[in-house]
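Novice: Chain by chain, the residues run as shown.
Number of protein chains: 2
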Amino acid sequence: MNQTTTNWLEQVQWTADGLVATIAQETVTGTVLMLAWMNRESLKLTVETGHAVYYSRSRQKLWHKGEESGNQQVVLDIRLDCDNDVILLEVEQKGGIACHTGRHHCFYQQLKDNQWLEVDAVLKDPNDMYK
Amino acid sequence: MNQTTTNWLEQVQWTADGLVATIAQETVTGTVLMLAWMNRESLKLTVETGHAVYYSRSRQKLWHKGEESGNQQVVLDIRLDCDNDVILLEVEQKGGIACHTGRHHCFYQQLKDNQWLEVDAVLKDPNDMYK
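Chains A and B are the protein sequences, given in the same order.
Residue numbers for the first sequence follow numbering that gives the first Met the number 0, beginning at 0 and rising by one.
Residue numbers for the second sequence follow numbering that gives the first Met the number 0, beginning at 0 and rising by one.
Next up, chain A with everything else stripped away, as it sits in the complex (with noise of 0.2 Å):
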């Protein structure tokens, strides 16, 4: 790609390990589904096929997300913060669940009385997610 067509992702501020933070957002509902991190070749990948790619910082490479679980989030709107250091893409969350536990997001703990429950239900049995 020539200098015009990557200048937009050289304007992230990417932390010193070359990751940014990326929430993403189911549109139909507005449900916060997850925070993952993307790197460079995530974001121009989750770009150019319009499918969320994340990087996976314990696994240190890609993660198309879904790719195992079937879970995809199609991709409807990418946005960048004040700062230019975070992320946050609308999406469709293909098979309603964003969350590797079988919730339909990641934020099922709530805190009360000084304690975290899990509040949310799970939708599908993880070992029926990940084969």
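Worth flagging that the hints you see were computed from the coordinates, not collected in a lab.
Every residue, glycine too, gets a C-beta built ideally from N, C-alpha and C.
Hints may contain errors.
Unchecked claim - Here are the simulated DSSO-like pairs of lysine-lysine, each with C-alpha atoms no more than 27 Å apart in a straight line: (1) Lys93(A) - Lys111(B); (2) Lys43(A) - Lys93(A); (3) Lys111(B) - Lys43(A); (4) Lys111(A) - Lys43(B); (5) Lys43(B) - Lys60(B); (6) Lys111(A) - Lys93(A); (7) Lys93(B) - Lys111(A); (8) Lys93(A) - Lys60(A); (9) Lys111(B) - Lys123(B); (10) Lys111(A) - Lys123(A); (11) Lys60(B) - Lys93(B); (12) Lys111(B) - Lys60(B).
Unchecked claim - Distance ranges between label pairs, derived from CB positions: (13) Val46(B) - Ala120(A): 19 to 29 Å; (14) Asp127(A) - Gly69(B): 45 to 55 Å; (15) Asp16(B) - Leu8(A): 18 to 28 Å; (16) Gln12(A) - Ala120(B): 32 to 42 Å; (17) Gly69(B) - Ser57(A): 37 to 47 Å; (18) Thr48(A) - Gly49(B): 40 to 50 Å; (19) Lys123(B) - Asn126(A): 49 to 59 Å; (20) Gly95(A) - Thr5(B): 20 to 30 Å; (21) Gln114(A) - Leu61(B): 23 to 33 Å; (22) His63(A) - Glu40(B): 30 to 40 Å; (23) Asp112(A) - Leu116(B): 43 to 53 Å.
To be verified - On the chain A side, residues computed to face chain B include the following (Cβ under 10 Å): (24) Asn6; (25) Val11; (26) Leu34; (27) Glu67; (28) Asn70; (29) Asn83; (30) Lys111; (31) Trp115.
Guided by the hints, dock chain B onto chain A, whose structure is given.
Specialist: Relative to the frame of chain A, chain B by itself:
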């Protein structure tokens, strides 16, 4: 505080710097307002006061959101994700402005044709927000 009342704080997976990424979502509109960071003290204060208190990495001190601008965030719900390393706050955004640029939210730059375009209106002149 005794051990029981602070256990929830230690269940958070803090970074090496003692921080946790925190997303603020406006409950009534579903808008993802911003992402900021908290340390133990700011999360504890958030719970105790019912108003979002972040930790400013650039200024290296607690950041009582809205203390200058008046645009406080009243906390309605506090969630933790599946990895215990991201917090989601459900908030009421006072003044309808979360961003220091005077916009409703921080994610006003939209990727279109290899460019980040500013697509959301400035609702209030920042000069009138910070005196």
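Novice: Taking the hints in turn, state whether each one holds.
Specialist: Do the hints match the structure? See the list:
For a cut-off of 27 Å, the pair hint linking lysine 93(A) to lysine 111(B) stands: about 24 Å separates their Cα positions. Distance hint between lysine 43(A) and lysine 93(A) is fulfilled; the C-alpha atoms sit about 21 Å from each other, no more than 27 Å. A C-alpha spacing of about 13 Å is found between lysine 111(B) and lysine 43(A), which places the hinted pair at or below 27 Å, so the restraint holds. With a C-alpha separation of about 13 Å, the suggested pairing of lysine 111(A) with lysine 43(B) holds against the 27 Å cut-off.
The hinted pair formed by lysine 43(B) and lysine 60(B) meets the criterion: a straight-line CA distance of about 15 Å does not exceed 27 Å. Between lysine 111(A) and lysine 93(A) the CA atoms are separated by roughly 31 Å; this puts the pair beyond 27 Å, and the hint is violated. This hinted pair checks out: lysine 93(B) and lysine 111(A) have alpha carbons roughly 24 Å apart, not beyond 27 Å. Restraint check for lysine 93(A) and lysine 60(A): the C-alpha separation of about 22 Å stays at or below 27 Å, so the hint holds.
A distance of roughly 25 Å separates the Cα atoms of lysine 111(B) and lysine 123(B); the hinted pair therefore holds under the 27 Å criterion. Taking the CA atoms of lysine 111(A) and lysine 123(A), the gap is about 25 Å. The hint holds against a cut of 27 Å. With a C-alpha separation of about 22 Å, the suggested pairing of lysine 60(B) with lysine 93(B) holds against the 27 Å cut-off. Under the criterion of a C-alpha separation no larger than 27 Å, the hint pairing lysine 111(B) with lysine 60(B) is inconsistent with the structure, at around 36 Å.
At about 25 Å, the CB distance of valine 46(B) to alanine 120(A) agrees with the hint of 19 to 29 Å. Taking 45 to 55 Å as the suggested C-beta distance range, the pair aspartate 127(A) and glycine 69(B) conforms, at roughly 50 Å. Distance hint for aspartate 16(B) and leucine 8(A): a CB-CB separation of about 26 Å, consistent with the stated range 18 to 28 Å. Between glutamine 12(A) and alanine 120(B) the CB atoms are about 24 Å apart, so this pair departs from the stated range of 32 to 42 Å.
Distance hint check for glycine 69(B) and serine 57(A): the Cβ-Cβ separation is about 41 Å, which falls inside the suggested range of 37 to 47 Å. In this structure the supplied range 40 to 50 Å holds for threonine 48(A) paired with glycine 49(B), their Cβ-Cβ distance being about 42 Å. Between lysine 123(B) and asparagine 126(A) the beta carbons are some 51 Å apart, a value that agrees with the proposed interval 49 to 59 Å. A hinted range of 20 to 30 Å is violated for the C-beta pair glycine 95(A) and threonine 5(B), which are about 36 Å apart.
For glutamine 114(A) and leucine 61(B), the Cβ-Cβ distance of about 25 Å falls inside the hinted range of 23 to 33 Å, so the restraint holds. For the hinted restraint 30 to 40 Å between histidine 63(A) and glutamate 40(B), the CB-CB distance of approximately 38 Å keeps it satisfied. Between aspartate 112(A) and leucine 116(B), the C-beta spacing of about 45 Å keeps the proposed range 43 to 53 Å intact. For asparagine 6(A), the interface hint holds, since its Cβ comes within 10 Å of a Cβ in chain B; the closest pair sits about 7 Å apart.
With a cut of 10 Å, the hint placing valine 11(A) at the interface with chain B holds, because the nearest CB-to-CB distance is about 9 Å. For leucine 34(A), the interface hint holds, the least distance from its beta-carbon to any beta-carbon of chain B being 4 Å, beneath 10 Å. For glutamate 67(A), the interface hint is violated, the least distance from its beta-carbon to any beta-carbon of chain B being 16 Å, above 10 Å. At its closest, the beta carbon of asparagine 70(A) sits 14 Å from a beta carbon of chain B; the interface hint therefore is violated under the 10 Å criterion.
About 8 Å separates the beta-carbon of asparagine 83(A) from the nearest beta-carbon of chain B, less than 10 Å, and the hint is met. The beta carbon of lysine 111(A) comes within 9 Å of a beta carbon in chain B, closer than 10 Å, and the hint placing it at the interface holds. This hint holds: tryptophan 115(A) has a C-beta 5 Å from the nearest C-beta of chain B, less than the 10 Å allowed.
Violated hints, listed in ascending order, are 6, 12, 16, 20, 27 and 28; each of the other numbered hints is respected by the structure.
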